[in-house]
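The chain contents come next:
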Amino acid sequence: MTRSGTDMHHPPQLPTTHFLDNRIYTEQSIFEEEVDKIFGRIWKFVCHESEVDQPFDFRTLDFVDLPLLVTRDDDGKVRSFLNACSHRGAKVVRELSGNARDFTCPFHLWTYDAKGNCTAVTRDEAYESVGCDKADLGLREFRTDVHLGMVFVTLNDDAEDLDAFLGGALEQVEDVLSAEPLEVYHYNETIVQANWKNWQELDSELYHEYLHVINRRTGMTVPTYFTRNWKFYANGHGTLIGPPLQTDYGKQPGWKAERDGRVLPGLQPNEYRVVDIWPDTAFVVRDSGFRIDSQVPISATETLVQFRALAPKSDTPEQREARYRDHNQFWGPFGRNVQEDIIACELQRDGMRGGHLRYSLIAREEEGLTQDEITLRRYYEEWGRRMGRAASNISAIAAE
Amino acid sequence: MLLDRHAVQDLVYRSCILLDAARYDDWLELLVPQFRYRIVAYSEEIRKDMVWLDHGPDELKALFKNLTSHVRVLGTFRRQVGVFEETERSDNTIRIASSVVVYHTTPAGASKLFALAHYNDVAVLNGEPRLQERTVHLETRQLDFGPHVIL
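Chains V and W, in that order, are what the protein sequence lines are. Position 385, counted from 1, in the first sequence is what the working numbering calls 385; the numbers after and before it change by one each time, with no gaps. Position 122, counted from 1, in the second sequence is what the working numbering calls 522; the numbers after and before it change by one each time, with no gaps.
Take the hints with a grain of salt, since some may be wrong.
Stated by the list, open to error - DSS-like mimics (lysine-lysine), calculated; alpha carbons at most 25 Å apart, straight line: (1) V/Lys256 / W/Lys461; (2) V/Lys77 / V/Lys313; (3) W/Lys465 / V/Lys256; (4) V/Lys251 / W/Lys465; (5) V/Lys134 / V/Lys91; (6) W/Lys448 / V/Lys77; (7) W/Lys461 / V/Lys251.
Just so you know, these hints were derived from the structure itself, not from any lab. In this text, all values refer to a predicted model and were calculated from it rather than measured experimentally.
Next comes chain W alone, as it looks inside the complex (with noise of 0.2 Å):
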């Protein structure tokens, strides 16, 4: 099959797009059913592998259906993203690596850097690309806040 980069990387940004618009439900449109989100870091205080996040598509929705119950930091994300490498698979997936920044701006307009980390994404290629499996390497580990988001 003949790869649709362009494709393939737009649902990266357009992943992006949607969570920094708060578009949720458009957002859960790009996933297939068996979708897996997780964050991940690496400690170097324990020397240990960590799971900060580990969620399917049902929790997913359970989580953004929430979130205006919970008491969150006000603001914005804005996620930069880019693409830099695609892995097609002989399973009709591709596994794409992104770099991803993440800044958080205040009501008043203050922007800063909130967190560094790469995706690690597995898409289906059936037709338009959908995601199946989105790891988070989080670099950044002292997070000024919790986001209550998925990054």
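So that you can see chain V by itself, here it is in the shape it has in the complex (with noise of 0.2 Å):
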């Protein structure tokens, strides 16, 4: 039976935590409650110690609203600053990566060093009238930690530690990432015309691997697939426990059933692992392959969706190439099936356009197995949490 416009703008007729209001993706005015209740105040992943691998090592992105500077100083510490000169605002360092003792802002050559202390103003001596000291005039600095080779950096001088925002979520990766050193070898981008969550929830909700040929032929054909459960951590992160899930490559034409890269470290051949950092980082693991997603939020419809790969420091050049084949067929941007997870967040950002699908669902009920939406009502539970309203009726007033 079809539906009429009051139809639609009636709430389903389901527990408030099994359906969502489409607003959330879709109101500028929600988005930028978001930039301040939530990427104001959690720890969020920017990159990984490897990009800052050596003393003075160096790399710009954006957090969420702001220019970001990330640097390894002379003490081997990870730190990150406000990218923005004291003086009048220009950003500093415009070049994406490199290695330097001192950043000069290029309007009129203050600098910086790595510790983000001001070290030099030109023509300092006209500030003294006014007791202007270059000892007070350094970056701002944001606490920054390392967990596991994953650099977080948070806004919130007041936040709690890295360690207790996690609570233990990465174990499911731990073996993986503390074995040797990595580094990362791949990096991407994209900008997604969809809003940030809808990337999210592409990483924690495994229903949506109908749409992917490979997973319908590889993945779902494997018993062990539909029964691994779900465990969720404090602050919203989940990851996927249970027997482990072996891919049987074989099953799509033209692949060899076991694939060509040094499998990692704690990983059995051809298994699969994912673990979801609440809000935006998700960490997707098949065997050979370790895949990094981040997001940079730019509006309530834009995201840049960044990628990156992770590889044993210690591969020779024929265990990278090989590795980088696992990569490139499944995730590279030429890659199987980060192309069509691009397209369905692409087509929901199209069916919610002008608010005429006022609700969508996540009821699916299957125990906390695999394909559980139980994962987006997680999500969403701490969202609500956050944003002081359910996201299944954003006009509550936010409770402060």
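Take each chain as given, in its own frame, and dock them per the hints.
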């Protein structure tokens, strides 16, 4: 039976935890509230420590709406700063990465070191009469911590410690991340014309794998695919546990049963794992491949998604070549799967245009197993806690 | 041997026209059996050369054969290519460098730049030239979507 416009604006006859008000994806005012109440307060993954591997290495990127400078200082400590000059606010470092002892703002040549100290002010004698001292003019520093090689930053000076925020959620990948030094060997990004949460949902809601012919053939045909359980942690993080899923790649025409790359430490051949870090990061593991998805929300309907891949630094050139083949088979910009995810996200954006479809459903219940939408319900439980209102009813006044 | 520049350039142009037309079986006819196709890019973010695709003829055949089973971006691609350098080598092959611009056109007729790249090809000159190697050096790294097909 079809539904009328009136029907469409009535909340579904379901528990309020089991549906979403689609304006959480489309309303710019909600997005701006998220920037403040979520991204202004949580720990956010920004890069892997190998991107600032050596003293004085640096990396610039965006942290939602602000330019971030990540450095490794001469003591080996990873730090992060607002990449903006204390003088007139110009972005100081324009390169995406490099190695530099000093950073000089091109505007008036004020200079900062890798610890963020202002070390030189051009013709500084003219500031003496007003008591302006460069010792007080360092870059704005953000709390930065590294866990299992992952660099997290918070804009919130009063945030809980990173370990408390993560609450052990990386336990499913700890063996992979701690066995030997790793490095990012692949990086690409794409601007997805969709809300940032749409992408995170793809990494946690595995019912969507019906979208992927490869998963239908190589994953869902394996008996353990449907029998794993989701485990949740404080602050909305989640991971899939249970009997290892060993993908049967040979079910895809033209593919070999086992892949070429050296299996990562702690994994069995063909094993798959996933860890979702609330609100915008996912670690997806496939035997030889470790993919990191993270996001830079741009607006309510536009998101920069960043893709990284990790490999042991000890890879020989032949091993790295094989690892690349595996990565690109599924995930790279010319792989088979991620492209379909992008399409699905953008179809959601298109379908929700104009607000004619007020609600969407997250109602599948399968006792917490693989394709149970409990992942989304837990995700939005945390969202509601942070935003002070339920994701099923955003008209409610946000509780401060 | 007298180099037939016209035939060499025609090979590059024809390879693009066939991909544009999704005539993949005909495109595969342009290759020698040991053909290798790669897409590479340099990341300013991690300061490393990256490989984004590395396939031989069998893998390419499988890729083309499975295309219809994927959920793909609708529309067509147009590859605009200009050969700018041909270097004959002693082993009866020639290295061909080309500049490539790839446009995507939606079913509604909106066209947009998809990628800028270079082709670095190696062709075998025995009889009709055939491609032995194609390396696509991508300048565009922030792609709007994944095309599922090669460039």
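Query raised in the report: Of the numbered hints stated previously, which ones are contradicted by the structure, given in increasing order?
Result: As far as the earlier hints go, not one is violated by this structure.
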